Amino acid sequence: MYYLGLYWEFIKIRLKTMVEYRSNTIWTGIAEACGYTADFLVIWIMISKFHNIGDWNAYEVIFLYAINLLTYSLSSMFLYRTCNNLSFQIRTGEFDDIITKPTNPFLYLCCSGFMYGYYSHISVSIFFICFCLAKLGVTLSISKIFFLILSLIGGALIQGAMNLFTTVPSFWMVKNTALRSLTWSGRNFIEYPISIYHKSIQIILTVILPFAFISFYPAQYFLGKSDFLMFHPIFQFLTPVVGVILFALAYMFWCFGIKHYNSSGS
Amino acid sequence: MYLYLSFAQKAFRQNYVYRTNTLLYMFTAILNLLIRINIWQTLYVNKFDIEGITLAEMLTFVIINSLISNLTYSSVGNKLAEKVRTGEIGGDFTRPINLKYYLMAEQFGDSLYTTVFNILPICVISTFFVPFCLPQSIPGVLMFFVSISLGVILIYNINYALGLLSFWFKHSTYVNWFLGAFTTLFGGSAVPLWFYPSFLKKIAYALPFRFVSFEPLSIYLNKTPITDAWKIILFQLLWIGVFYLLGIFIWNKAQKVVTVQGG
Amino acid sequence: MSFIDFNHVSKEFKIFKQEKGMKNAIRSMFKREYQIKYAVDDISFTAEKGELIGYIGPNGAGKSTTIKMLSGILTPTSGKITVNGIVPYENRKENNMKMGVVFGQRSQLYWDLAMEETFGLYKRMYKIDDAVFQRNVEFYVDLLQMKDFLKTPVRQLSLGQKMRGNIAIALLHDPPIVYLDEPTIGLDVIAKSRIRTFIKEINRERNTTLILTTHDMDDIEAICNRLIMIDNGKKIYDGSLSNFRETYTGGNILIADFDMENIQMPDARLKILKEEGSRKTIGFKKNEITPMDALALISAHYKINDFSMQEAGIEETIKEIYDSTSKTQILLQKANEA
Chain H
7 MYYLGLYWEF IKIRLKTMVE YRSNTIWTGI AEACGYTADF LVIWIMISKF HNIGDWNAYE
67 VIFLYAINLL TYSLSSMFLY RTCNNLSFQI RTGEFDDIIT KPTNPFLYLC CSGFMYGYYS
127 HISVSIFFIC FCLAKLGVTL SISKIFFLIL SLIGGALIQG AMNLFTTVPS FWMVKNTALR
187 SLTWSGRNFI EYPISIYHKS IQIILTVILP FAFISFYPAQ YFLGKSDFLM FHPIFQFLTP
247 VVGVILFALA YMFWCFGIKH YNSSGS
Chain S
91 MYLYLSFAQK AFRQNYVYRT NTLLYMFTAI LNLLIRINIW QTLYVNKFDI EGITLAEMLT
151 FVIINSLISN LTYSSVGNKL AEKVRTGEIG GDFTRPINLK YYLMAEQFGD SLYTTVFNIL
211 PICVISTFFV PFCLPQSIPG VLMFFVSISL GVILIYNINY ALGLLSFWFK HSTYVNWFLG
271 AFTTLFGGSA VPLWFYPSFL KKIAYALPFR FVSFEPLSIY LNKTPITDAW KIILFQLLWI
331 GVFYLLGIFI WNKAQKVVTV QGG
Chain U
14 MSFIDFNHVS KEFKIFKQEK GMKNAIRSMF KREYQIKYAV DDISFTAEKG ELIGYIGPNG
74 AGKSTTIKML SGILTPTSGK ITVNGIVPYE NRKENNMKMG VVFGQRSQLY WDLAMEETFG
134 LYKRMYKIDD AVFQRNVEFY VDLLQMKDFL KTPVRQLSLG QKMRGNIAIA LLHDPPIVYL
194 DEPTIGLDVI AKSRIRTFIK EINRERNTTL ILTTHDMDDI EAICNRLIMI DNGKKIYDGS
254 LSNFRETYTG GNILIADFDM ENIQMPDARL KILKEEGSRK TIGFKKNEIT PMDALALISA
314 HYKINDFSMQ EAGIEETIKE IYDSTSKTQI LLQKANEA
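These protein sequence lines are chains H, S and U, in that order. For the first sequence, the working numbering assigns the number 272 to the last residue and increments by one with no breaks. For the second sequence, the working numbering assigns the number 353 to the last residue and increments by one with no breaks. For the third sequence, the working numbering assigns the number 351 to the last residue and increments by one with no breaks.
Everything labelled a hint here was simulated from the structure, so no lab data went into it. It should be emphasised that the depicted structure is a prediction, and the values quoted were computed from it without experimental measurement. Among these hints, one or two may not hold up.
Taking beta-carbon pairs under 10 Å as the criterion, some of the chain S residues facing chain H (in silico) [as the list claims (entries may be wrong)]:
#, residue
1, I129
2, F138
3, S165
4, N168
5, K169
6, F333
Think about it this way: if two alpha-carbon atoms lie no more than 27 Å apart in a straight line, the pair counts; the simulated DSS-like pairs of lysine-lysine are [as the list claims (entries may be wrong)]:
#, chain 1, residue 1, chain 2, residue 2
7, H, K18, U, K316
8, S, K292, H, K55
9, U, K299, H, K18
10, H, K107, U, K93
11, H, K107, U, K287
12, U, K299, U, K316
13, U, K298, H, K107
14, U, K164, H, K265
15, U, K247, H, K18
16, S, K137, H, K231
17, U, K93, S, K173
18, S, K173, H, K55
19, S, K137, H, K205
All C-beta atoms, glycine included, are put in the ideal place defined by N, C-alpha and C.
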């Protein structure tokens, strides 16, 4: 618990860098915001022309996409550097520097690698979430807003967990960039409602690689939809639970990876 | 000339070393293609054609786009920016190689490699799963190949010219982001320009981005008849000229401004 | 109970065979062939508080594996290690609090921060008392002459400055044991000297135990009082540095500039250790042939333009030992006899 102060120090250091490279931070933020806005616009153009994709209209799909982006950004603020650099750190021996410190290696990596740059992603996605809800005429009660936040956190935990699952093998595999691209694919799939895919893919995305819990199921609760395919409507409430369980499993996997590192070096 | 070909070859061969990586990237590319196919199939449910485009044509569009998307990708701008940031550019100035062509050759080697490895699986998918449209005529196909080659040259030149701006903006990866945003929105490759509302369509038609992939694809699908295809090629050459000259102009300016940041 | 107890420790690694070709690659996913290599093969030693140990051996001998086990990075395959009453690979956090590590080829400093701010971070990390922190910072900054670059961001520092910074933060929390892995590599003469003086001073003041691995024998000669040598995972020498000098060197060196390059020694007691064109470094043992006789013998056969005589440092001896396995056997024998 004492170390919370230390970890916060690390995050503060990263935030200081953000201010130091002010103009770069701002311009990168604007550029990224433009990039994602272009993505949103393109989705809107496509679906509006065709009125619907399956049971979903343009604003509903954008809402889905925005939740995906937001949960990804929240988790990547802490996990992007951690996961991306792990393979490199193990190979160069830098990882030894981390496990010889009296801090928890996972928390240390997450906080010292905190990426402030996601503020633009977060801002854009929150904007579009609110925009879509407004356009669809959905008003949320306090309890619904609270549950939205819970679902977003749950979704972020799932994103993080999937990221970790494909990163931990770096402890015993040399090159894992291809494995990492699996998470990228998973995220691509859930940018659109999974009802457009074949049943087998729907099952995979729900039960095996639970990406669908990040946005597809919870979104239905807020948009008042019931496109549950072959699954039970209760799935729309399960995101926070799935998130916690998955992340706990991912963290255990991480610990297992470190144990392996301890017995076989690099 | 042969020197640069060898750089392309080297990049190609270096990629070959990481074969398993390639296999998995191929797998990802196939997955992405499947996603896009599913999207359009769902969109077209209960509709025959929209704006004169049928599902078969749209799926063909998506497939060929997937094939050429690696060729029309260029990170030359980013590489330049990185060289400027690390100061490596200083070393490049002293070498007797034209940096522009070196970077482009390297990029082409990389891209060709991914393209070649994506061709087979994509052909398999398109033959068995999708109502693929074969080209209508030989001259049409030839025009398509000419046009897509020009499209690739165009995006390389655009990327290079804008990448040069990194001499002024120190950490300028965001220039590439802006470029990406414009290409997505006005390039017509994610969603063809035929489906665009008139306001955005007008802007897109004034910009060069549609000439990279969209127009060549339009020629292939005969949405742009052969008689009009010549106009497209002319426009492509024009835009290439613009960015080529821009590239030279900025390069000359850049040489005067060089401040090499050491480490 | 010794401060460090390294008891019959072995560490084995599985070296997997690299599979070429598609068929083998797929087969290797199910069953991989491997060889077992003993990086550390039944080594035992103990150390008391305050010892300055030089831990040396040729590349691949098992030095870094040993250090990694002592610092808790690796878990031994068999045997037991205790440092300061703690088993490093079982109580990592506790052990990490009480040790300092310096890896010569890497920096633990933070790129964007100034030295001062890094100190502050480490103070929190190691829960260092305010008074102790103040005292140590002043002491180290003074001894390592860091005042001028305390406020400079780390990315702008020279290699020597960064190394001094790394050593300072490794010792900031008064660890009773410090591991140094090639701490002076790549540094200029002045920087090396500063660091060696600092290490000796810390050991004097705080009775800090130090284990140093290095390829620079000058480091060893300047700092250590005890030498442990390993080769192929086995310990081949463990004793004081002075004993090593007496027993194994007792040698002299004659550096001579000849007229030509092709020189043969006229006597078996004279050995050419190093050749740089027409300059030869010749080794001999004082108890076998006197320096005067050696010089006379050589100059009777060849014209010597210039020369100088020195006592052999441990470097040459160690080189000899690394170079010949038969010598290793001899050493082992002598060690057993002693």
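Do the hints match the structure? See the list:
no. : hint               : verdict
1   : I129               : 6 Å, holds
2   : F138               : 12 Å, violated
3   : S165               : 15 Å, violated
4   : N168               : 13 Å, violated
5   : K169               : 18 Å, violated
6   : F333               : 20 Å, violated
7   : K18(H) to K316(U)  : 71 Å, violated
8   : K292(S) to K55(H)  : 17 Å, holds
9   : K299(U) to K18(H)  : 65 Å, violated
10  : K107(H) to K93(U)  : 22 Å, holds
11  : K107(H) to K287(U) : 43 Å, violated
12  : K299(U) to K316(U) : 23 Å, holds
13  : K298(U) to K107(H) : 48 Å, violated
14  : K164(U) to K265(H) : 39 Å, violated
15  : K247(U) to K18(H)  : 48 Å, violated
16  : K137(S) to K231(H) : 24 Å, holds
17  : K93(U) to K173(S)  : 51 Å, violated
18  : K173(S) to K55(H)  : 43 Å, violated
19  : K137(S) to K205(H) : 23 Å, holds
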